[in-house]
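Chains as they are written, first to last, in my numbering: chain W, 5 to 352; chain Z, 5 to 352; chain U, 5 to 352; chain A, 5 to 352.
Mixed in with the good hints, there may be bad ones.
[As the list claims (entries may be wrong)] Listed next, the in silico PhoX-like pairs over lysine-lysine satisfying Cα-Cα at most 20 Å (straight line): (1) K122/W to K319/W; (2) K122/W to K331/W; (3) K331/A to K74/Z; (4) K331/A to K122/A; (5) K319/U to K331/U; (6) K10/Z to K319/A; (7) K331/W to K319/W; (8) K331/W to K331/A; (9) K122/U to K319/U; (10) K122/Z to K319/Z; (11) K74/U to K10/W; (12) K149/U to K10/U; (13) K248/W to K248/U; (14) K248/A to K10/U; (15) K319/Z to K331/Z; (16) K10/W to K122/Z; (17) K248/Z to K74/A; (18) K331/Z to K122/Z; (19) K122/A to K248/A; (20) K10/U to K74/W; (21) K331/Z to K331/U; (22) K331/A to K319/A.
Everything labelled a hint here was simulated from the structure, so no lab data went into it.
One letter stands for each residue in the lines below.
There are 4 protein chains.
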Amino acid sequence: MIIVMKPNSTAAEIGAVIARVQEVGATPHPIYGVERTVVAVVGETRGVDREVFLNLPGVETITTIGAPYKLASRESHPDDTIIRIDNIVIGGPEIVVMAGPCSVESREQVLETAHAVKEAGAQILRGGAFKPRTSPYSFQGLGLKGLEMLAEARERYGLHIITEVMTPEAVPMVAEYADILQLGARNIQNYGLLHAVGRVQRPVLLKRGMMSSMEELLMSAEYIMSGGNYRVMLCERGIRTFEKYTRNTFDLNAVPVLKQLSHLPVIADPSHGTGRWDAVPAMALAAIAAGADGLIIEVHPHPSAAISDGPQSLKPERFAELMPRIKRVAEAVDRTLSTVANRQPVPA
Amino acid sequence: MIIVMKPNSTAAEIGAVIARVQEVGATPHPIYGVERTVVAVVGETRGVDREVFLNLPGVETITTIGAPYKLASRESHPDDTIIRIDNIVIGGPEIVVMAGPCSVESREQVLETAHAVKEAGAQILRGGAFKPRTSPYSFQGLGLKGLEMLAEARERYGLHIITEVMTPEAVPMVAEYADILQLGARNIQNYGLLHAVGRVQRPVLLKRGMMSSMEELLMSAEYIMSGGNYRVMLCERGIRTFEKYTRNTFDLNAVPVLKQLSHLPVIADPSHGTGRWDAVPAMALAAIAAGADGLIIEVHPHPSAAISDGPQSLKPERFAELMPRIKRVAEAVDRTLSTVANRQPVPA
Amino acid sequence: MIIVMKPNSTAAEIGAVIARVQEVGATPHPIYGVERTVVAVVGETRGVDREVFLNLPGVETITTIGAPYKLASRESHPDDTIIRIDNIVIGGPEIVVMAGPCSVESREQVLETAHAVKEAGAQILRGGAFKPRTSPYSFQGLGLKGLEMLAEARERYGLHIITEVMTPEAVPMVAEYADILQLGARNIQNYGLLHAVGRVQRPVLLKRGMMSSMEELLMSAEYIMSGGNYRVMLCERGIRTFEKYTRNTFDLNAVPVLKQLSHLPVIADPSHGTGRWDAVPAMALAAIAAGADGLIIEVHPHPSAAISDGPQSLKPERFAELMPRIKRVAEAVDRTLSTVANRQPVPA
Amino acid sequence: MIIVMKPNSTAAEIGAVIARVQEVGATPHPIYGVERTVVAVVGETRGVDREVFLNLPGVETITTIGAPYKLASRESHPDDTIIRIDNIVIGGPEIVVMAGPCSVESREQVLETAHAVKEAGAQILRGGAFKPRTSPYSFQGLGLKGLEMLAEARERYGLHIITEVMTPEAVPMVAEYADILQLGARNIQNYGLLHAVGRVQRPVLLKRGMMSSMEELLMSAEYIMSGGNYRVMLCERGIRTFEKYTRNTFDLNAVPVLKQLSHLPVIADPSHGTGRWDAVPAMALAAIAAGADGLIIEVHPHPSAAISDGPQSLKPERFAELMPRIKRVAEAVDRTLSTVANRQPVPA
């Protein structure tokens, strides 16, 4: 931590800063410049808020050095985290594809989609049973019934399941059905929920909020990990900017940067990242080329009848065309498309 | 709703759109242009998602007309909503000031601040007992003990209390202590929480999220209102932009615009809106001039020792200096600063 | 400047950084921490790009201390800059109001507007003869003819004139007609133009770009001032954000912050800041309460017939209603509304 | 164009709108709904500003249909534009790579870099002789001398040259030396400059502004094309958002979207798009996978000594490693890396 004093700060003010540094157990190194004095703070200050110093008289700014997260950082954990779900391996050389509808709408819809994405080579079925919706008047999901439909599709087609959990209370129930718990973009700083998923032993896909910096995404991962659940995947799904032609601005820079800052796997969501089905294939390929460890893609058998996210859903036949293209780009960057054998049903 | 067809859309595609409009119980008005066909939809379509049409073949874009919220809209409720809390009236000609520390840190701190803000003329004491923090290693609040300290300060100084609630489970407990429930910016789309506060009969201060559009803020108010709790105040507290010199960009445009779009009272938070105590007075005055119905301001007896938000907290003496300036500006825009007599303690 | 080394930086890398600091004539102060080494740089480094150090091996980040601008900074020039244009004084206790149409459209329109804004108490007439337009097919301004119409209005009604200049070549011509040169938001980093207006002796109103940080605005002022023209006014006119209900997000935080960072006068433009005439009055008052030294407001006799910016233009009668309200708020913050006697025509 | 009336608009107001539509030569189609009336406008309205209607009494909003640009749109020009520069073909199946330093700093630096990028397979040498810099105290470029150095490198190594032009006056001089004129992000709405490059017959690389929507980028292309110069390449180079870990947010969504909206070639700039050399390779590959027609990459022989943009420059050896990776990804998306024979010098 570097504490920069104002140009006209007094010796007494500087002395007070030095004393405060010592109080928190660190070592102050004052440097007296021509215009300003700077106090460098040596020692562990990760648990010390900047604010302990920021409002002392005479302080101009504070610069923290090093990341505020520890468990999630590559600095403290240089090797890649590999997440195994039965025989699926996420975070290694293989690319994993998760696909399925935005919302679980009916048993037929789920089974039809599951069949199609399985045939095309996906290994994990996505589908929302609990839906965060901007309007209270929109469809809010089928709840437990939706989970049961997903479970049936899993058994029948030998897929794994990822589905969203929205409230702390629902975590145990959703964890009973899902192989991966999804935390949505709107819940990136829902700390009650982060704590709750930190206490179960299910892998978590943590979606970056539309307003989250990469550092905040990593801090939210840190919440989950500090609760004891280390199997976290980071998911880039687009951020909110002034550009409105696409639903979000897909920040693929986050892929190489998060891989550098953290050891956690990075999954990309080109469906939300673009909001337009006709841009999904190009951006799915781009995400793989950028180094993503997997993709999560919305597929719906009848997008024009979809209750939610129809405009960004691929039809099964387009998804089937996309998979071999993903395979080619994966191989061009020395990865492979995962093709492990079908999963065995997990006992409920 | 206006459905714009692509230039090369076929008669069959247009026919399918027309049929779909009829299916949802509305009346289609196709207009055949030189380059494009447009289908205007007449009838109530508030409950109909754009997506029902957006992914039909041949559809280019959809424009919705009118607001997607109803209970919160001025169109359906032309008169201002007035929220009464004992003898305090929010949303009328009087300006109400809420003040106090970001976090409740100790009994002494709360009592000292309560005394100071009361003396200066504030009527509502703010203070967080449950704190949403970016880092799992930061102070998370005193919880129930903090609520008890706030209640003690309320009794002793005849103030009302506003405090944040973060999880659905905590709503009943916080509602027992607080006169106003605060929903924080990070929870603007925490739908479980919105539902929970919609079911209690306590006024709610709903803070705009750092990446929420005004429409989304109103949709979140609609969630609460659709649950039966109509006493919602909207709070502008700054949005996230590229400008980093201030903590947030204080979007005071939201004050006149929200007053136009909605009948709900609008409160401004210059502390979070700026993040710098030295800009708080100017922006508090600006908010009143823009038409805000009240202010929520962070005041801490020793900002340099504050556990959170010290840099944006006013010292009690600066707050005391600010209050008469607020009064002058309020009067210059034909409002008054509320000076109703002390509240009577509410039975727990 | 503070140079933070990577955790695993070598002694040789640190040595190279120290040597480079000495090469640029500054004094290095290395501080050896547990995880990282930091090199504080003492001495004048305003002319030294961060990049001189940023790409040296082993360097993680660089923090610059102090502002990169000098002539525009309050640190180097503590007293407020007062700009006098005949008997009008900008930057002192008086609030100055500039008003008029977005574009000069015809002689009648200019004269009618000039008459109206003069009657209402404005002292400076705005109007664009050269118009930056997003589309090449939109009206681009009347050019020299427009300048002549402005000059006629000036003579007849005893107003001063502010008008935009868009290209370096046009600076001498526009400076011959205008009392104040306006630089538009799109030209904030048009360095050829900044240099050109830096070489004339006409006051300049420099509009913040829609994506400019406050620091960049001050750096652009520095460009003009470093050319020898010190009479620069900073203008907040809204920035581009995700919020689309208003044309721009009017960043009134910039008013107190710019007044703190700089000695230059700050003018606010609520017309562009909101883009909606019905929000202009509220935000004009807010800007004054926030501490602005003046306002620039679009007024058009027939907004519905305006060639540009009609939706954000006030009708003369609304502008006339607004002026006494501005006066009241100005007085509530210990300012006055300028009412100096009519100007005498300046010899061309 | 669709004109939406306010809920309480009167018959007279609707009549006035209908009359105005007829005045501009289009056909009005009023649709009378339950709550609102809508007037659909049929006929060519590209030259008609929304503002002609927007401020008529009773009008709530206007929706324009179809793109405001014509020459740049794929709708009016379905086939891809192919730009030929001698034997280099941009916009066809081949990927073209432009590489070189941010600034031309010395003859040695240019020749060394030119040699290296030529060896690695680049065909076009980039280098700035005129530099837009945020600070007036930063290096502003070598000007004409820089152009001469670029020309020498071109002759010696058989490369083509792209270099930035900043002012209208400099266009003829720069066009004499450069094979491609680059328009920088800060000049995206410098209309004088857009007009000037529209009048020469040199291909133009038009960089998206950090605050430009895709539509604005296309409107700026339209400016150039409406002047008679149809050889425009669009360049995505990152936009400004709240995320500060990277210099810009590289909006690769723009690649497939611009290819859909327009027939012009799209080039990607991963150096500015990321601002970090260690993220450049990943994002260069991602851009190709997304469908870009070429790349522009900063390469500097000694990035740590670079006068500008060192942190985002690749060393020649890293660039040489990257080129075969680009080739592999290009082939995985059915493109090839251009390897045409050396150019012949163009007569000055």
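For each hint, the structure was consulted:
1. Note on K122/W and K319/W: the hinted pairing holds, with a Cα-Cα distance of about 14 Å set against a maximum of 20 Å.
2. Under the criterion of a C-alpha separation no larger than 20 Å, the hint pairing K122/W with K331/W is consistent with the structure, at around 15 Å.
3. Distance check on the hinted pair: K331/A and K74/Z sit about 56 Å apart at the alpha-carbon level, beyond 20 Å; violated.
4. Taking the CA atoms of K331/A and K122/A, the gap is near 15 Å; set against the 20 Å cutoff, the hint holds.
5. This hinted pair checks out: K319/U and K331/U have alpha carbons roughly 19 Å apart, not beyond 20 Å.
6. Distance restraint check for K10/Z and K319/A: the Cα-Cα separation of roughly 48 Å exceeds the 20 Å cut-off, and the hinted pair is therefore not satisfied.
7. For the hint pairing K331/W with K319/W, the CA-to-CA distance comes to about 19 Å; that is within 20 Å, so the pair holds.
8. A distance of roughly 16 Å separates the Cα atoms of K331/W and K331/A; the hinted pair therefore holds under the 20 Å criterion.
9. Distance check on the hinted pair: K122/U and K319/U sit about 14 Å apart at the alpha-carbon level, within 20 Å; holds.
10. For the hint pairing K122/Z with K319/Z, the CA-to-CA distance comes to about 14 Å; that is within 20 Å, so the pair holds.
11. Between K74/U and K10/W the CA atoms are separated by roughly 16 Å; this keeps the pair inside 20 Å, and the hint holds.
12. Simply put, K149/U and K10/U have alpha-carbon atoms about 61 Å apart, too far for the 20 Å limit, and the pair is violated.
13. Distance check on the hinted pair: K248/W and K248/U sit about 9 Å apart at the alpha-carbon level, within 20 Å; holds.
14. Distance hint between K248/A and K10/U is fulfilled; the C-alpha atoms sit about 19 Å from each other, no more than 20 Å.
15. As the CA atoms of K319/Z and K331/Z are separated by approximately 19 Å, the hinted pair is consistent with the 20 Å bound.
16. At most 20 Å may separate the alpha-carbon atoms for a hinted pair to count; K10/W and K122/Z exceed this at roughly 33 Å.
17. Between K248/Z and K74/A the CA atoms are separated by roughly 38 Å; this puts the pair beyond 20 Å, and the hint is violated.
18. This hinted pair checks out: K331/Z and K122/Z have alpha carbons roughly 15 Å apart, not beyond 20 Å.
19. Proposed proximity of K122/A and K248/A is contradicted: the alpha carbons are some 34 Å apart, above 20 Å.
20. For a cut-off of 20 Å, the pair hint linking K10/U to K74/W stands: about 16 Å separates their Cα positions.
21. Restraint check: the Cα-Cα separation between K331/Z and K331/U comes to about 16 Å, which is no more than 20 Å; the hinted pair holds.
22. Distance hint between K331/A and K319/A is fulfilled; the C-alpha atoms sit about 19 Å from each other, no more than 20 Å.
Against the hints set out earlier in the document, violations occur for numbers 3, 6, 12, 16, 17 and 19.
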